[in-house]
Amino acid sequence: MPNQELTRVFRALSDPTRRAVLERLTRGPAAVKELARPFEMALPSFVQHLGMLEDCGLVRSTKAGRVRTYTLAPQPLEAAEHWLLAQRALWERRLDALDDFLNTLKEEKR
Amino acid sequence: MTATITHKPDPKLDLVLERVVNVPPHLVWAAWTTPEYIKKWFTPAPWQTVDCQIDLRPGGIFRTVMRSPEGQEFPNTGCYLEVIENEKLVWTAALKPGYRPQNAASALLFTAVILLEPQGAGTKYTAIAIHGDEETAKKHADMGFHDGWGKVLDQLVTLAKTM
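Protein chains in written order, with our numbering: chain B, 11 to 120; chain U, 4 to 166.
Where hints are given, some of them may not hold.
Unchecked claim - Lysine-lysine pairs mimicking DSSO-like chemistry, simulated, CA-CA at most 27 Å apart:
| hint | chain 1 | residue 1 | chain 2 | residue 2 |
| --- | --- | --- | --- | --- |
| 1 | B | Lys119 | U | Lys42 |
| 2 | U | Lys15 | U | Lys127 |
| 3 | U | Lys42 | U | Lys99 |
| 4 | B | Lys116 | U | Lys127 |
| 5 | U | Lys15 | B | Lys119 |
| 6 | U | Lys42 | U | Lys127 |
| 7 | B | Lys116 | U | Lys99 |
| 8 | B | Lys119 | U | Lys43 |
| 9 | B | Lys116 | U | Lys15 |
| 10 | U | Lys99 | U | Lys15 |
Said to hold, decoys possible - Here are a few chain B residues that face chain U, going by a calculated C-beta distance under 8 Å:
| hint | residue |
| --- | --- |
| 11 | Arg47 |
| 12 | Phe49 |
| 13 | Met51 |
| 14 | His59 |
| 15 | Leu108 |
| 16 | Glu117 |
| 17 | Lys119 |
| 18 | Arg120 |
Stated by the list, open to error - Here chain B is said to cover these stretches of chain U; the calculated rule only asks that three of the stretch's residues, wherever they fall, bring their Cβ under 8 Å from a Cβ of chain B:
| hint | region |
| --- | --- |
| 19 | 18-26 |
| 20 | 90-98 |
No lab work stands behind these hints, which were simulated from the structure alone. Every residue, glycine too, gets a C-beta built ideally from N, C-alpha and C.
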């Protein structure tokens with residue numbers, strides 16, 4: 011999986027709403043309305059979350075009439091098991107911490 | 004002044020991360036080479052780097068001690084391979100100080116290359132993590148040196164597999 015896609019998977023997984031949706035979908039496909047029910051959120055915002063999950067291939071959707079149903083597509087998750095991904099996550103977070111620290115350092119040296 | 008990359012990354016084994024920061028190279032260099040600074044950022048929270056020792060010359064020690072959120076400590080002792088001030092830093096976990104080979108089972112064997120280039124008033128830096136083979140690396144990951152992501156992913160993968 012190219013890095014850009016991995017980054018998208020990570021971004022998609024970084025949000026508790028989206029993770030909750032994935033967890034719900036592990037119990038089987040569900041329509042948008044049902045998926046949205048547990049969240050106190052305007053439907054357009056919720057649909058955006060679903061869009062992010064679909065864009066990175068974590069879920070798939072089909073439309074029958076006016077009802078769009080979502081299904082889990084676990085393939086990216088399996089790819090994400092790869093050890094290298096864990097290493098990348100570590101390095102990304104390490105460099106995030108470095109960037110924060112560098113900004114502090116710059117202020118101090120001013 | 005351009006530092007040369009003598010390593011060709013293998014996408015299956017290596018990581019290449021590039022960042023641009025609005026901070027001059029000498030400060031980025033200081034962050035990578037000063038023990039007091041390393042302790043402040045090297046290990047993402049909730050892990051901590053509680054000790055760090057640096058002898059900044061080829062063959063010199065680069066030692067960090069990381070502490071898990073549960074309080075368990077993991078010392079890592081490696082050695083520097085290349086030190087070009089404000090430009091290039093290479094160290095490896097595969098060798099102890101003085102270039103003595105490590106016991107391969109004891110650590111994740113990797114080599115890290117840090118390249119710094121001035122970019123405007125700031126710095127473009129590249130971090131390359133070079134890993135030996137997938138098996139040792141995987142073993143290391145299994146040991147639990149995961150950050151929060153590891154846990155999130157594990158949970159999701161487990162859930163996905165129960166489908």
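Quick check on the hint: Lys119(B) CB to chain U CB, less than 8 Å? holds, 7 Å
Does His59(B) meet its interface restraint, that is, does its C-beta lie within less than 8 Å of any C-beta in chain U? violated, 15 Å
Compare the distance between the alpha carbons of Lys15(U) and Lys119(B) with 27 Å, and conclude whether the hinted pair is satisfied. Cα-Cα ~40 Å, so violated.
Within 8 Å of chain B's CB atoms, at least three CB atoms from the region 90-98 of chain U: coverage verdict: violated (count 0)
If you take the shortest Cβ to Cβ gap from Glu117(B) to chain U, is it below 8 Å? This interface hint is violated because 10 Å lies over the 8 Å limit.
Are the Cα atoms of Lys99(U) and Lys15(U) separated by 27 Å or less? holds, 26 Å
Restraint check, 8 Å cut-off on beta carbons, for Leu108(B) near chain U: Where the cut-off is 8 Å and the nearest Cβ of chain U is about 5 Å from Leu108(B), the hint holds.
Given the hinted pair Lys15(U) and Lys127(U), is their alpha-carbon gap at most 27 Å? Since the Cα atoms of Lys15(U) and Lys127(U) sit roughly 24 Å apart, the hinted pair holds (cutoff 27 Å).
Interface restraint verdict for Met51(B) against chain U (beta-carbon cut-off 8 Å): This hint is violated: Met51(B) lies away from chain U, its Cβ roughly 21 Å from the closest one there, beyond 8 Å.
Lys116(B) and Lys15(U): Cα distance at most 27 Å? Answer violated: Lys116(B) to Lys15(U) is near 36 Å, above 27 Å.
Lys119(B) paired with Lys42(U) [C-alpha distance capped at 27 Å]: Holds, at about 18 Å.
Apply the coverage criterion to the region 18-26 of chain U and chain B: a residue qualifies when its Cβ sits closer than 8 Å to a Cβ of the chain, and three qualifying residues are needed. holds (count 6)
Consistency note: the structure conflicts with the earlier hints numbered 5, 7, 9, 11, 12, 13, 14, 16, 18 and 20.
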